[in-house]
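Residue numbers (the numbering used here), protein chains in the order written: chain U, 1 to 447; chain A, 448 to 532.
What the hints contain is simulated information worked out from the structure, not anything from laboratory work. Heads up, some of the hints might be wrong.
Computed footprint of chain U on chain A; a stretch qualifies when at least three of its residues, placed anywhere within it, have a C-beta under 8 angstroms from a C-beta of chain U [claimed, not checked]:
id	stretch
1	451–463
2	484–492
Examples of chain U residues lying across from chain A (beta carbon under 8 angstroms, computed) [said to hold, decoys possible]:
id	residue
3	Arg141
4	Gln144
5	Met212
6	Lys279
7	Thr285
8	Trp351
9	Phe352
10	His353
11	Leu359
12	Ala360
13	Val366
Where a beta carbon is used, it is the ideal one built from N, C-alpha and C, also for glycine.
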Amino acid sequence: MLNTANLSLEQAPPISIPFRFFLTAPLFGLAAAMLLIWYGPEVMTSRWSPQALALTHLITLGFLALVMCGALLQMLPVLAGVPVPQVVLVGNLVHPLLSVGTLGLVIGFLLGSLQWLKFAVIALGAGFVIYILAVGVALWRVKQPNPTVTGMRMALMALGVTVLIGLTLASGLSGWGTLNYPFLYTNVHLVWGMLGWVALLLIGVSFQVVPMFQVTPEYPGWMRNLLPRSLLLGLAIWTTLYVTAFIDRTTLFWSFACLIIMLVGYIAFAVTTLMLQQKRRRKITDVTLLFWRVGIVAIPLSFMVWAIGRMFPKITVFVDLDMLLGVSMIFGVAIPLLNGMLYKIVPFLSWFHLQNRQLAMMCMSVQIPNMKQFMPDAPAIRQFWIYLAALVFTLAAVVVPDWLARPAAVLLAVSFGMLGYNLLQVVLRFREVSSELDQAATSNQDG
Amino acid sequence: MEHYLDVSMLEPCEPMEQTLAAIEKLQPGDYLKVIHRREPHLIYPMLEKAGFSWRTDPGGPSEFQIYIWRRDDQEAESAVADLPG
Numbered sequence: 001m002l003n004t005a006n007l008s009l010e011q012a013p014p015i016s017i018p019f020r021f022f023l024t025a026p027l028f029g030l031a032a033a034m035l036l037i038w039y040g041p042e043v044m045t046s047r048w049s050p051q052a053l054a055l056t057h058l059i060t061l062g063f064l065a066l067v068m069c070g071a072l073l074q075m076l077p078v079l080a081g082v083p084v085p086q087v088v089l090v091g092n093l094v095h096p097l098l099s100v101g102t103l104g105l106v107i108g109f110l111l112g113s114l115q116w117l118k119f120a121v122i123a124l125g126a127g128f129v130i131y132i133l134a135v136g137v138a139l140w141r142v143k144q145p146n147p148t149v150t151g152m153r154m155a156l157m158a159l160g161v162t163v164l165i166g167l168t169l170a171s172g173l174s175g176w177g178t179l180n181y182p183f184l185y186t187n188v189h190l191v192w193g194m195l196g197w198v199a200l201l202l203i204g205v206s207f208q209v210v211p212m213f214q215v216t217p218e219y220p221g222w223m224r225n226l227l228p229r230s231l232l233l234g235l236a237i238w239t240t241l242y243v244t245a246f247i248d249r250t251t252l253f254w255s256f257a258c259l260i261i262m263l264v265g266y267i268a269f270a271v272t273t274l275m276l277q278q279k280r281r282r283k284i285t286d287v288t289l290l291f292w293r294v295g296i297v298a299i300p301l302s303f304m305v306w307a308i309g310r311m312f313p314k315i316t317v318f319v320d321l322d323m324l325l326g327v328s329m330i331f332g333v334a335i336p337l338l339n340g341m342l343y344k345i346v347p348f349l350s351w352f353h354l355q356n357r358q359l360a361m362m363c364m365s366v367q368i369p370n371m372k373q374f375m376p377d378a379p380a381i382r383q384f385w386i387y388l389a390a391l392v393f394t395l396a397a398v399v400v401p402d403w404l405a406r407p408a409a410v411l412l413a414v415s416f417g418m419l420g421y422n423l424l425q426v427v428l429r430f431r432e433v434s435s436e437l438d439q440a441a442t443s444n445q446d447g
Numbered sequence: 448m449e450h451y452l453d454v455s456m457l458e459p460c461e462p463m464e465q466t467l468a469a470i471e472k473l474q475p476g477d478y479l480k481v482i483h484r485r486e487p488h489l490i491y492p493m494l495e496k497a498g499f500s501w502r503t504d505p506g507g508p509s510e511f512q513i514y515i516w517r518r519d520d521q522e523a524e525s526a527v528a529d530l531p532g
């Protein structure tokens, strides 16, 4: 069988597009940590405080969304076999719109400024609409979608719902329109954001990257085929039950039960991933695996603590369970999974682009560093331990914010700073080798 | 002559690195047989650029065999064509 599948660089965006998303993201993480240092414990006393909302969105939009959007633009040609239409234009528009939109939203929250909130609605709205349309066109062009493509489609739909509700909330706060049920909208917004967009994309991508990068067996067929669709359906059912019960002021039992059933699905994914990692054919532990183990173990732990707390409210009277769940989902699950993945994606892209250029130029005199030379383990593992300390302190700070909020913030700042620095080193090395290739090509032509 | 390379236990980008290093050493009449646990779509355009041809045989549920030879090497090409596929 002669295979002429041409999944390659020709379809992928220029490397500067994903790199700018990946290098900007740690800066937003750093900004979130700085905000926590500045405001201290008051950020953690209520999830409704403007400071808490600002911090949450610095992480969810500034770090998570930028990394995920950048990675998806880059990975679609490779994982799904389809290019994003007008990918350069889309990247050039979406990156600045999301970045300034996030800053506008944060400033709007912190200053209570209606103008900044309106600006954020326009910038984030435009950025996400362009992004969802472009990626949506690509994803729905795939004729025979594999489970990863299905997961990405479900995630993109969840992103659409999250953004729509988020924009409605921000518009209401900014004075455009009225907002009748802010509590209801906020809960639906964050559930679709975390359990929809973030979780479904991670699940869909894991189906490919865990077996590929961690050299494990494949996920079971039933899980790959059923899980993303079932979870999206579950989210829709939960929303209907929750909204109806909330507006009618009847019992929330059925929506709670629906959520618990869905959590079983996420936990099944987490347990399966851990079991696959145990069956790794290659037993060398690398930094991505360390980050992934934390992120995956945190899924059942966070849900169980939350569910038990809900069932036995008397034992958790001193802890804001929702805050604890939010912190553990964002800092314990989403951040380490993306952090770990960045340590694979950025050196891989660097190596892959340079290798392709070298072959195209037939310029073998320049040695292309391999992935480990682009991103050595030692600095990445140092960042992993700092991150882990930051996670422990941040979780503990939910219980005793007065003592631990600022130490947690300092550790988070160091962790994001180190991540940004490490990624920057890869990009600088990429540019260095790239210019060596240019010089070699010029001297070849001259010779 | 057949050269053999098993990259099925390696993580990206080592399979590609080792394959590209191995094909550089192919002598006239030689081809490389690569054992991989996935179909290596990303390497095909690289092989194309570097002047190589290939044939991919799925050898089982979790194994692929990829035969690679220099595009202008008739002898290697017919040796691969004679292999059961």
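We went through each hint and held it up to the structure:
A count of 8 residues in the stretch 451–463 of chain A with a Cβ less than 8 angstroms from any Cβ of chain U is obtained; the coverage claim is therefore met, three being the minimum. Using a Cβ-Cβ cut-off of 8 angstroms, 7 residues of the stretch 484–492 of chain A lie near chain U, which meets the minimum of three, so the contact claim holds. Hint status for Arg141(U): violated, given a least beta-carbon distance of 18 angstroms to chain A, over 8 angstroms. Taken as an interface hint, Gln144(U) does not check out: its beta carbon lies about 15 angstroms from the nearest beta carbon of chain A, beyond 8 angstroms.
A cut of 8 angstroms between beta carbons decides the hint on Met212(U): the least distance to chain A is about 6 angstroms, and the hint holds. With a least beta-carbon distance of about 12 angstroms to chain A, the hint placing Lys279(U) at the interface is violated under the 8 angstroms criterion. Hint on Thr285(U) is violated. Least Cβ distance to chain A is approximately 12 angstroms, over the 8 angstroms limit. Hint on Trp351(U) holds. Least Cβ distance to chain A is approximately 5 angstroms, under the 8 angstroms limit.
This hint holds: Phe352(U) has a C-beta 7 angstroms from the nearest C-beta of chain A, less than the 8 angstroms allowed. With a cut of 8 angstroms, the hint placing His353(U) at the interface with chain A is violated, because the nearest CB-to-CB distance is about 11 angstroms. With a cut of 8 angstroms, the hint placing Leu359(U) at the interface with chain A holds, because the nearest CB-to-CB distance is about 4 angstroms. The closest approach between the C-beta of Ala360(U) and any C-beta of chain A is roughly 5 angstroms, which is under the 8 angstroms cut-off, so the hint is satisfied.
The interface hint given for Val366(U) is broken, as the beta carbon of that residue sits about 14 angstroms from the closest beta carbon of chain A, more than 8 angstroms.
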